[in-house]
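Top line first, the protein sequences correspond to chains S, U and D.
Just so we're aligned, residue 21 is where the first sequence starts under the working numbering, counting upward by one.
Just so we're aligned, residue 20 is where the second sequence starts under the working numbering, counting upward by one.
Just so we're aligned, residue 508 is where the third sequence starts under the working numbering, counting upward by one.
These are calculated hints, taken from the structure and not from any lab test.
Where hints are given, some of them may not hold.
Stated by the list, open to error - Capping the alpha-carbon separation at 20 Å, the derived lysine to aspartate or glutamate pairs in DMTMM-like fashion look like this:
#1 U:K196 <-> S:E211
#2 S:K115 <-> U:D292
#3 S:K168 <-> S:E211
#4 S:K95 <-> U:D219
#5 U:K196 <-> S:E148
#6 S:K168 <-> S:E154
#7 D:K794 <-> S:D78
#8 S:K95 <-> U:D292
#9 U:K196 <-> S:E149
#10 U:K329 <-> D:D596
#11 S:K172 <-> U:D208
Take a look at the letters that make up each chain.
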Amino acid sequence: MTISESLLKVDNIHLTFGGLKAIDGVSLEVRNDELVSLIGPNGAGKTSTINCICKFYDIDSGQIFFHGENITRLKPHQVARRRISRSFQNLDLFKGMTVLENVKLGAHINVRSGILADLLYYGKSRKEEKELEEYIVEEIFSLFGLAKYRNKHVGSLPYGLQKKIDIARALAARPMLLILDEPVAGMNSDETKEITEDIQKIREANISILLIEHDMDLVMNISDRIYVINFGENIADGTSQEVTANPDVIEIYLGKSFEN
Amino acid sequence: MHKNKTVIGLGIAVIFYLLGPFVLSDYMLYLVNLAAIATIGAVGLNILTGYTGLIAMANGAFIGVGAYTAAVLYTKLGVPFLLTIPIAGLMTAVIGMIFGIPALRLRGFYLAMSTLAAQILLMFIFNNWTSVTNGERGIFLAPPNLFGFSLVGDKGFFFLTVGIATLGMLFSYNLFKTDTGRAFIAIRDRDIAANIIGVDIFKYKLISFAISSFYAGVAGALFGFYMTYVSPEGFGLNVSIDYIAMIIVGGLGNLWGGLLGAIFVVILPEFVDKGIEIVGQFIPMEYTFAAFRQLVFGLMIIVFLVWEPKGLAEIFRRLFCWLKAKIFSPKSEMEPQV
Amino acid sequence: MFIQALIAGIAVGSVYALIALGMVLIYKASSVINFSQGALVMIGAYITYAVVTGIPAPLWITIPIAIGLSALLGVVIERLIFRYMTGVDLIAVIMVTLGISFLLEGSTTAIWGTLNYSFPKILPEMSFSLGGIHISEVYIWSFIFSMVILIMFTLFFKYSKIGLRMRAVADNQKASISLGIHPGKMISLSWAISCVVATIGGVMLANIKLLNLGLSGIGILVFPVVILGGLDSIIGAVLGGFIIGILGSLSAVYAGGLMGGAVDQVVSFVILLIILLVKPYGLFGTKETLRL
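Turn these sequences into a full structure, and let the hints steer you where they fit.
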């Protein structure tokens, strides 16, 4: 695969909520092995955009392609099966399950054994469960340092840890594209540093990333390319140098510098 | 140490299973049989309501579907007894899935209402499809043969009901060790997130309905054969509500919840009756057993939900922890578990 | 026959409307779905019966006493149980209201037994003939009473201070606290009103039929009514009540012989199922919105 090959292509999408325009023609592209950031002021339509990609919202017009396939009309679980995973801004972990179980469910799309095998816990089901556990403990828990919390219920863990579990869960699906929705929001500088390192490690595993983040240092440091949107429209895109030099972007962010 | 305990536990269970019918009185066996059948139904309902978070008010009618299926197959079509039980389960699974279809769009109370409609409609069918169900007169079942022995009375059924109840619990235990079970819990906890992770919510809701109804169907078939009689009365809304009470009192989304709740609901009336007998000796009171059963039942449900929403399973867990701490190692901490 | 069934349907429907109103009220105030509405109807009728026949005083004294006792029952239920049940699962809430149902039905049976009582005629005699068709006076009185109460309700919520506060709590509990409104008191009040309305419905039903334990059976018919009208809509409860009442009455007359008993129940629940599949939030209900 060459670096220029397109993985995700969002083409001029529109979304309205009861007459209110949330997204008014956003386009963006993520290529193989790229880390692309999507930034913009609060209410610019960043999270709405990724909710459209995940099909939580049905877009009014425009198209979304993944690996050349038109995924505009798919259901959320079908999008997941195309190997697009995401983390959530407002922690959406499953409170009734342990850390291990949460991350295991992240790998749901890869599980092949059927219901009957699960009821009997025999043969394929047992084997697959063992393999899944090994994979998670060795590849994912070691990356995030979660091994010692594996049997804790997620509700009892601190916020920073829950954020990590959320990313770990998204990663368990072995995605081609990982969408991270504000992974360091509400974290202190140490935690931010840890997550930044984790994101770098994820990149090394050849996973493309679409990142939404308010932390400009983080965005400018690790992004290959950046898209800036405001009021549901594209404002600018390019490398961090190009974007920071763009007068429209400066105008948006000058007034906003107090916020971040 | 851990292994030893498991072995001891299993040993006690096996001894109870083999010796039970010869040690217990017929009346005790009767209660055990009823509790075992109720356990099958309650463990099934717990999969749907406790683990998947779908409130179903039709478990009574689903049990009825199983009972009628087995009764009709056995009496009218001459299908062998043992074969009627899984067929009853499958039939009920299909009916359960059909009434689970509204789950595509409905959640919470609205889904509960569609299952309430299922309860009412199925009862109407039991009462009025007389060519099959005999209507209010019901269907009588001759005692079945099992491996050449006539299965009659409390002793004979003990092995069957307790055996199947144990299997039912084992399957449920397995289910929640694996992906299907996790998908159920994910739908209960946060269905949108589950969907985005890749869980086909509608499919898994239907599967949950199917599995739960299969349990109900098996429980119904056993109930019919054990009672030797199937009529609409046994499957009304009150039965559905009893089952919801079982899993709530026992513990929602807890493997032991179904068992403990079933035992509780089956033996509570016995305790109330005994209590009234004793009190009645000292205070002359005009009473009806039914009234006090209902009164105490209602009171217990309220007390449980206000005082210990996690049910008997949680109370027993804490009790065990406490006993363990007292007996084995006074210093060991209670294991926090949610 | 059609006219007679229609009139009976309107009368019964107006009682359904009243009872559904009580349910909607509690739901709006506290998101509690009350499965004990039927039991409240029953026990309200028994309480009234006991007061009216037990206290040797004229009706204008005894009826307010019965109403007061019903309101008290509502407050007690809220204070003793629902105050302690915030933030619990829907199924726990439903089950607790079912538990209340059992408790009330069990207590009623323990006190009054399973006999039928004929309710003293507390409504003034009135005979009515319309184009040669005799209309039973209880029907007319039920209709009039229901209408009066429904109008009072509408006025109460629109114009009275307490009514406005209750609406504030129903709209947004947190915001209403910051305005100095005590949500607990308002929820208590909604239970009290709901119980009073149920009692009135129970008395009218006991006048139409007999006073017995079967009265609580009406509770289940409230669900088709609120699903049809919308769980959080007062106007929906009223309209739904009439529609279900009329359809139930007509189907009992025209299809009753065909299909055996309890046809009205089956018809109502078929309607419920259709509504759920076509328009789940009913004619006037508010749609739930999902958020991520």
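Results for each hint:
no.: 1; hint: U:K196 <-> S:E211; result: violated, 32 Å
no.: 2; hint: S:K115 <-> U:D292; result: violated, 41 Å
no.: 3; hint: S:K168 <-> S:E211; result: holds, 18 Å
no.: 4; hint: S:K95 <-> U:D219; result: holds, 9 Å
no.: 5; hint: U:K196 <-> S:E148; result: holds, 12 Å
no.: 6; hint: S:K168 <-> S:E154; result: holds, 15 Å
no.: 7; hint: D:K794 <-> S:D78; result: holds, 18 Å
no.: 8; hint: S:K95 <-> U:D292; result: violated, 56 Å
no.: 9; hint: U:K196 <-> S:E149; result: holds, 8 Å
no.: 10; hint: U:K329 <-> D:D596; result: holds, 11 Å
no.: 11; hint: S:K172 <-> U:D208; result: holds, 16 Å
Hint compliance for this structure: hints 1, 2, 8 are not met, and every other hint is.
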